[in-house]
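Based on the hints, put chain B in the right spot on chain A.
Chains A and B, in that order, give the protein sequences. Using this note's numbering, the first residue of the first sequence is number 1, and each one after it goes up by one. Using this note's numbering, the first residue of the second sequence is number 1, and each one after it goes up by one.
It should be emphasised that the hints constitute simulated quantities derived from the structure, not laboratory data. There is no bait here: all hints are sound.
Within a straight-line C-alpha distance of at most 27 Å, the following computed BS3-like cross-link-like pairs (lysine-lysine) qualify:
hint: 1; chain 1: A; residue 1: K383; chain 2: A; residue 2: K61
hint: 2; chain 1: A; residue 1: K214; chain 2: B; residue 2: K86
hint: 3; chain 1: A; residue 1: K199; chain 2: B; residue 2: K85
hint: 4; chain 1: A; residue 1: K274; chain 2: A; residue 2: K19
hint: 5; chain 1: A; residue 1: K160; chain 2: B; residue 2: K85
hint: 6; chain 1: A; residue 1: K141; chain 2: A; residue 2: K341
hint: 7; chain 1: A; residue 1: K383; chain 2: A; residue 2: K19
hint: 8; chain 1: B; residue 1: K85; chain 2: A; residue 2: K232
hint: 9; chain 1: A; residue 1: K232; chain 2: B; residue 2: K86
hint: 10; chain 1: A; residue 1: K160; chain 2: A; residue 2: K281
hint: 11; chain 1: A; residue 1: K394; chain 2: A; residue 2: K19
hint: 12; chain 1: A; residue 1: K199; chain 2: B; residue 2: K57
hint: 13; chain 1: A; residue 1: K274; chain 2: B; residue 2: K89
hint: 14; chain 1: B; residue 1: K89; chain 2: A; residue 2: K199
hint: 15; chain 1: A; residue 1: K89; chain 2: A; residue 2: K2
hint: 16; chain 1: A; residue 1: K199; chain 2: B; residue 2: K99
hint: 17; chain 1: A; residue 1: K141; chain 2: A; residue 2: K232
hint: 18; chain 1: A; residue 1: K274; chain 2: B; residue 2: K99
hint: 19; chain 1: B; residue 1: K99; chain 2: B; residue 2: K57
All of these numbers come straight from a predicted model, not from anything done at the bench.
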Amino acid sequence: MKRLLVLGAGTAGTMVANKLRPRLDEREWNITLVDQNETHYYQPGFLFLPFGGYKREELEKPKRRFMPAGVDLVMGEIDLVEPDNNRVKLIDGTELPYDYLIIATGTHPTPEETPGLGEEGWRESIHEFYTIDGAEALANKLETWEGGKLVVNVIEMPIKCPVAPLEFIFLADAFFAERGMRDSVQLEYVTPLPGAFTKPVAARYLGNMLDERKISLEGDFFLERVDTDENKLVSYDEREVEYDLLVTIPVNMGAEYVGRSGLGDELRHVPVDKHNFLSTKHDNIFALGDAASLPTSKAGSVAHFAVDIFTENFIDYIHGRPMREQFDGHANCFIESGNGKGMLIDFNYDTEPLPGKYPLPGVGPFSLLQETESNHWGKLMFKWVYWNVLLTGKAMPIPALMSMAGKIREEVR
Amino acid sequence: MPVATIAGAEVQVDDEGFMTEYEEWNEDIAVALAANIGIELGESHWQVIKFLREDYKEQGETPMLRRVSNVGGVPTKQLFQLFPKKPAKKMSYIAGVPKPQGCV
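Chain A extracted, bound-state conformation (with noise of 0.2 Å):
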């Protein structure tokens, strides 16, 4: 019998694993996912949940509904991954060999990495909203806020969702603009990018995008530490930005166990060959996700494009053949932009977010780079085609690999 071990039962493993299955002869083939929590989040539901959009119930299933019959679900934490030895250790002494293994096990906010935060103040006035419970706590926060400076601050890239930060302050924007207390909140944005994105076309487009809504910009702006009590952040080149409410999104790790196992880069995200997920130091393990160093967003459409180039490229390997499938680094994201509209991006490792139409050239429904209502409301409908389509393994109707196809080039000044 061979053994296949995935760490993490989130979007990736559980989407590999529902991939895999079928594809697997389950007479040579046992399939086992470790987790260390019963409870699956619709983690993009989190951006909404501070402004009363959605309620914890909404966003929570339970992880067992999503497993394919004849997977093996572990419920542990994990303690050490041994390449030497094949071998996968959990914290309560239980130890998994295996033939192949995934590491998907994410990324996460690590607030403990700045100085200033999760000390004083923290979830009283220095909020984040990249976890359910944090997203709960700034829900109450804004309930009752009389207003001030909100600062949305970004601490270093990479971060999972790269434009939930300015989707947060473009629904703050219009969250106060409906209570009638706009006048009465100051609301910046603090990057360490030179603009509101990497990109040159988007960062122009989300550039204006802060400017109408009179929402200010400080770029190239790397915090050093948070001051609990002067309310302020600093940075490395010593410039200050006060606060009365401050909304961090801290530096995300992978998991603590891929450091331990020296499996990591510095934030313990595992490098890997970024067309085939193959680690560049053992070859029998791969990483899928967030959990990936790879050069594009960290994303659950990523994972899902990377998840179908996968399991064609696994088949082959396990069968001694190359891997064909190359994977292109394929993202796309809904940007809620407030008052019921969106916008949609779509972009790989080489070609930038441009606009046009997706994903059928000329028609739509979406509009790239462009604020519309039927964009909003594919990224409502999403939640619905994430559980029921996205994670049971099902098809989508859209190419894992980008397309050139309906999108406008433009010359960037």
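Then chain B, alone, in the frame of chain A:
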């Protein structure tokens, strides 16, 4: 790709002036590139630049600030003093390695 003459040598550069050929770099070029952006190279600058060169060669990608600090042994605070405002961009420019991947 444009070709630029730097410190008497013809080198390939991209639109932003970053060198694109690892092997075309030498220390004289580094001094000239640093001067272009108003930096005079001292001992600590060289420590960073040599780390960038070696690490790029081994890893195939330009290290981020966190790695230069943790592995290269130069604290982030000092990187901002050596290469003011935009250390990641400036040090890779001088070291003749690609600008670090803008993580999206």
